[in-house]
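Sequences and hints are given; from them, build the entire structure.
Chain order of the listed sequences is A and B. For the first sequence, position 243 matches number 243 in our numbering, and the numbering has no gaps at all. To convert, take the position in the second sequence, counting from 1, and add 318; that gives our numbering.
To be clear, the hints were calculated from the coordinates, so they are not data collected in a lab. Quantities reported herein were computed from a predicted structural model and do not represent experimental measurements. Heads up, a few of these hints could be off.
Distance condition first, Cα-Cα at most 30 Å in a straight line; then the derived DSSO-like pairs of lysine-lysine [what the hints assert, rightly or not]: (1) B:K394 x A:K149; (2) B:K413 x A:K129; (3) A:K95 x A:K76; (4) A:K129 x B:K545; (5) A:K76 x B:K545; (6) A:K129 x B:K447; (7) A:K76 x B:K447; (8) A:K226 x A:K191; (9) A:K149 x A:K95; (10) A:K149 x B:K512; (11) B:K509 x A:K281; (12) A:K191 x B:K599; (13) B:K512 x B:K330; (14) A:K281 x A:K129; (15) B:K545 x B:K509; (16) B:K330 x B:K509; (17) B:K447 x B:K599; (18) A:K281 x B:K512; (19) A:K191 x A:K12; (20) B:K330 x B:K413; (21) A:K281 x B:K394; (22) B:K599 x A:K194; (23) B:K394 x A:K129; (24) B:K599 x A:K281; (25) A:K12 x A:K194; (26) B:K394 x A:K76; (27) A:K149 x B:K509; (28) B:K330 x B:K394; (29) A:K281 x A:K227; (30) B:K447 x A:K95; (31) A:K227 x A:K191; (32) B:K467 x B:K544; (33) B:K467 x B:K447; (34) A:K149 x A:K194; (35) A:K76 x A:K149; (36) B:K416 x B:K330; (37) B:K416 x B:K394.
Sample of chain B residues at the chain A side, in silico, Cβ under 10 Å [unchecked claim]: (38) R470; (39) A476; (40) N566.
Note that the Cβ used here is the ideal one computed from N, Cα and C, for glycine as well.
Protein chains: 2
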Amino acid sequence: MAVLAMDLGGTKLAVAVFSPTGILLSNEVVELDNRQGNAVGALITGMAQQAIAAQQATDMPVQAIGISVPGINHQKEGTVWAPNIPGWDAYPLLKEVKQVSGNIPVIIESDRACYVLGEQWQGNAHGCKDVIFLAVGTGIGAGILVNGKVLRGAHDIAGAIGWMALQQPFRSQYVDCGCFEYHASGEGIAKVVKALLAAEPSYNGVLRQQPVEQISARDVFAAYDKKDVLATTVIQSCITYWGMAVANLVSLFNPQKIIFGGGVFGPATALIPAIKAEALKWAQPISMQLVSVEATALNGSAGIYGAGFLALQESRPS
Amino acid sequence: MAVLAMDLGGTKLAVAVFSPTGILLSNEVVELDNRQGNAVGALITGMAQQAIAAQQATDMPVQAIGISVPGINHQKEGTVWAPNIPGWDAYPLLKEVKQVSGNIPVIIESDRACYVLGEQWQGNAHGCKDVIFLAVGTGIGAGILVNGKVLRGAHDIAGAIGWMALQQPFRSQYVDCGCFEYHASGEGIAKVVKALLAAEPSYNGVLRQQPVEQISARDVFAAYDKKDVLATTVIQSCITYWGMAVANLVSLFNPQKIIFGGGVFGPATALIPAIKAEALKWAQPISMQLVSVEATALNGSAGIYGAGFLALQESRPS
Numbered sequence: 001m002a003v004l005a006m007d008l009g010g011t012k013l014a015v016a017v018f019s020p021t022g023i024l025l026s027n028e029v030v031e032l033d034n035r036q037g038n039a040v041g042a043l044i045t046g047m048a049q050q051a052i053a054a055q056q057a058t059d060m061p062v063q064a065i066g067i068s069v070p071g072i073n074h075q076k077e078g079t080v081w082a083p084n085i086p087g088w089d090a091y092p093l094l095k096e097v098k099q100v101s102g103n104i105p106v107i108i109e110s111d112r113a114c115y116v117l118g119e120q121w122q123g124n125a126h127g128c129k130d131v132i133f134l135a136v137g138t139g140i141g142a143g144i145l146v147n148g149k150v151l152r153g154a155h156d157i158a159g160a161i162g163w164m165a166l167q168q169p170f171r172s173q174y175v176d177c178g179c180f181e182y183h184a185s186g187e188g189i190a191k192v193v194k195a196l197l198a199a200e201p202s203y204n205g206v207l208r209q210q211p212v213e214q215i216s217a218r219d220v221f222a223a224y225d226k227k228d229v230l231a232t233t234v235i236q237s238c239i240t241y242w243g244m245a246v247a248n249l250v251s252l253f254n255p256q257k258i259i260f261g262g263g264v265f266g267p268a269t270a271l272i273p274a275i276k277a278e279a280l281k282w283a284q285p286i287s288m289q290l291v292s293v294e295a296t297a298l299n300g301s302a303g304i305y306g307a308g309f310l311a312l313q314e315s316r317p318s
Numbered sequence: 319m320a321v322l323a324m325d326l327g328g329t330k331l332a333v334a335v336f337s338p339t340g341i342l343l344s345n346e347v348v349e350l351d352n353r354q355g356n357a358v359g360a361l362i363t364g365m366a367q368q369a370i371a372a373q374q375a376t377d378m379p380v381q382a383i384g385i386s387v388p389g390i391n392h393q394k395e396g397t398v399w400a401p402n403i404p405g406w407d408a409y410p411l412l413k414e415v416k417q418v419s420g421n422i423p424v425i426i427e428s429d430r431a432c433y434v435l436g437e438q439w440q441g442n443a444h445g446c447k448d449v450i451f452l453a454v455g456t457g458i459g460a461g462i463l464v465n466g467k468v469l470r471g472a473h474d475i476a477g478a479i480g481w482m483a484l485q486q487p488f489r490s491q492y493v494d495c496g497c498f499e500y501h502a503s504g505e506g507i508a509k510v511v512k513a514l515l516a517a518e519p520s521y522n523g524v525l526r527q528q529p530v531e532q533i534s535a536r537d538v539f540a541a542y543d544k545k546d547v548l549a550t551t552v553i554q555s556c557i558t559y560w561g562m563a564v565a566n567l568v569s570l571f572n573p574q575k576i577i578f579g580g581g582v583f584g585p586a587t588a589l590i591p592a593i594k595a596e597a598l599k600w601a602q603p604i605s606m607q608l609v610s611v612e613a614t615a616l617n618g619s620a621g622i623y624g625a626g627f628l629a630l631q632e633s634r635p636s
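What follows is the structure, given as structure tokens:
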């Protein structure tokens, strides 16, 4: 037997097949090419059908399907809310995939839950029952395991850590994304730099040498590596926010590990010792001594591993 | 049958007997009278023996004992850390109580876990599986239920929300108690007022009319009710902190309810609408719309109810 894992992102879909022992047998990535709504659903069901047929031809047929989605999976309703996929406000993905999967069970989870499950299965959280994956990319989200189970909350919206309040007073820029995400996400870093460039006409460093609307977090990290003064201000501020967020997770959850991932970690991985030093100032001191703060071991693949792990669990009913 | 519930506080011990249907049959409170270490243990075992014997003489013998402790119960070790009871760094309470309880099972939990369990059993969280009790007294702690289970963390230290980082920059006053607790606990309110009285010699309101070292949070609320300017500044700041804390719990946990209790709620109960309005600015918007923010229904008794509930669960093995 084998399991099928699918990881839907905002711009692409990854499709992988895992052996029962967790070996990655195949891995394919297709671009969404601006597909929206039903067309994204059709891409997923088409790729699923194709993979099921391909495995059927081998001695390892697909026993279960796990799907990671970039948003919230409402477990009871079987619908997905994915803010970056137009038309996916309450998309009936489970029903659609079941129409092509026949008797093969299907399980869908939010990407942040899949990240932490992937890390637990084949990454840096192996054997951890209380662990948090802090995904810092365009936005910020947290996949949280409590005593080995995904923390979903009452309506599957738990882990929305981008909304964490970390600095007074409240500012209008927080309305659409939350305080933490405004100051310390990939998109936030670019926004903060653009605001500073407008506010500081005397600055004439490397970040002034490209069209302002094209500046990304990656450019800011490159400027930080060159000791640019504006980039240094912004990244130092991010270290404070990331450290406070780690501290708050440590004080509330007393986890064994906090694992940073997402596109920003990435370049921010080198900052983890500074982030931990910041967290040490704020957090419950005993919990802080006992936690390990690390970078993902799976780079961009935590989601597909998590989806594979969910499928494997589903294929072995307890 | 009946169950025995004990709620140890920093200055007193409550002892109650509940019927199997949850009716409070008896309730007694004894002062600790400055007892320390083993003497507190002896008080608990003595009261337990006495209650067991008294129930034995009726047709409702004690079937299980639940104990709420003011600190952390280390489940694996069977030891209690209680910062306000001298000599209780790793106190072997479970072993001691088992010596007098014979075959009667004993379960010990942190007070904050008992608060939320009590509220779930006979208070405002009835039927809630995802609910948080925010206890604001001398200090601040959170009892958190995730899918019906107490959130303990990897080392039983979860819920240490007094350490939540909510305002930059870090200040030396946060070292011993955490940012949130410094600004918005009962002890914190008194400390902040004393610092303001020292910093504002021109203030001549009601809080200047008593010896500064005797000022308590209760005095600050009384002055706030009289529209005193200094008390208003401090309580408004507390509303901001409490609102940010609610917001962060909502964004992270997506709970059904957040319940305020502890000595400060109490007088701060009237502020819950203002706290909710503050939280609304910061939190994940959908989760915030779906959460209910309320005051405890059990006043100072949530701990003893929680201990009773634990004992009742223990007396009915699943």
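Hint-by-hint comparison with the structure:
{"no.": "1", "hint": "B:K394 x A:K149", "verdict": "20 Å, holds"}
{"no.": "2", "hint": "B:K413 x A:K129", "verdict": "28 Å, holds"}
{"no.": "3", "hint": "A:K95 x A:K76", "verdict": "12 Å, holds"}
{"no.": "4", "hint": "A:K129 x B:K545", "verdict": "50 Å, violated"}
{"no.": "5", "hint": "A:K76 x B:K545", "verdict": "49 Å, violated"}
{"no.": "6", "hint": "A:K129 x B:K447", "verdict": "20 Å, holds"}
{"no.": "7", "hint": "A:K76 x B:K447", "verdict": "16 Å, holds"}
{"no.": "8", "hint": "A:K226 x A:K191", "verdict": "20 Å, holds"}
{"no.": "9", "hint": "A:K149 x A:K95", "verdict": "25 Å, holds"}
{"no.": "10", "hint": "A:K149 x B:K512", "verdict": "45 Å, violated"}
{"no.": "11", "hint": "B:K509 x A:K281", "verdict": "20 Å, holds"}
{"no.": "12", "hint": "A:K191 x B:K599", "verdict": "20 Å, holds"}
{"no.": "13", "hint": "B:K512 x B:K330", "verdict": "28 Å, holds"}
{"no.": "14", "hint": "A:K281 x A:K129", "verdict": "26 Å, holds"}
{"no.": "15", "hint": "B:K545 x B:K509", "verdict": "20 Å, holds"}
{"no.": "16", "hint": "B:K330 x B:K509", "verdict": "24 Å, holds"}
{"no.": "17", "hint": "B:K447 x B:K599", "verdict": "26 Å, holds"}
{"no.": "18", "hint": "A:K281 x B:K512", "verdict": "24 Å, holds"}
{"no.": "19", "hint": "A:K191 x A:K12", "verdict": "25 Å, holds"}
{"no.": "20", "hint": "B:K330 x B:K413", "verdict": "21 Å, holds"}
{"no.": "21", "hint": "A:K281 x B:K394", "verdict": "29 Å, holds"}
{"no.": "22", "hint": "B:K599 x A:K194", "verdict": "24 Å, holds"}
{"no.": "23", "hint": "B:K394 x A:K129", "verdict": "16 Å, holds"}
{"no.": "24", "hint": "B:K599 x A:K281", "verdict": "27 Å, holds"}
{"no.": "25", "hint": "A:K12 x A:K194", "verdict": "28 Å, holds"}
{"no.": "26", "hint": "B:K394 x A:K76", "verdict": "35 Å, violated"}
{"no.": "27", "hint": "A:K149 x B:K509", "verdict": "40 Å, violated"}
{"no.": "28", "hint": "B:K330 x B:K394", "verdict": "26 Å, holds"}
{"no.": "29", "hint": "A:K281 x A:K227", "verdict": "25 Å, holds"}
{"no.": "30", "hint": "B:K447 x A:K95", "verdict": "27 Å, holds"}
{"no.": "31", "hint": "A:K227 x A:K191", "verdict": "20 Å, holds"}
{"no.": "32", "hint": "B:K467 x B:K544", "verdict": "43 Å, violated"}
{"no.": "33", "hint": "B:K467 x B:K447", "verdict": "8 Å, holds"}
{"no.": "34", "hint": "A:K149 x A:K194", "verdict": "40 Å, violated"}
{"no.": "35", "hint": "A:K76 x A:K149", "verdict": "17 Å, holds"}
{"no.": "36", "hint": "B:K416 x B:K330", "verdict": "21 Å, holds"}
{"no.": "37", "hint": "B:K416 x B:K394", "verdict": "15 Å, holds"}
{"no.": "38", "hint": "R470", "verdict": "7 Å, holds"}
{"no.": "39", "hint": "A476", "verdict": "4 Å, holds"}
{"no.": "40", "hint": "N566", "verdict": "5 Å, holds"}
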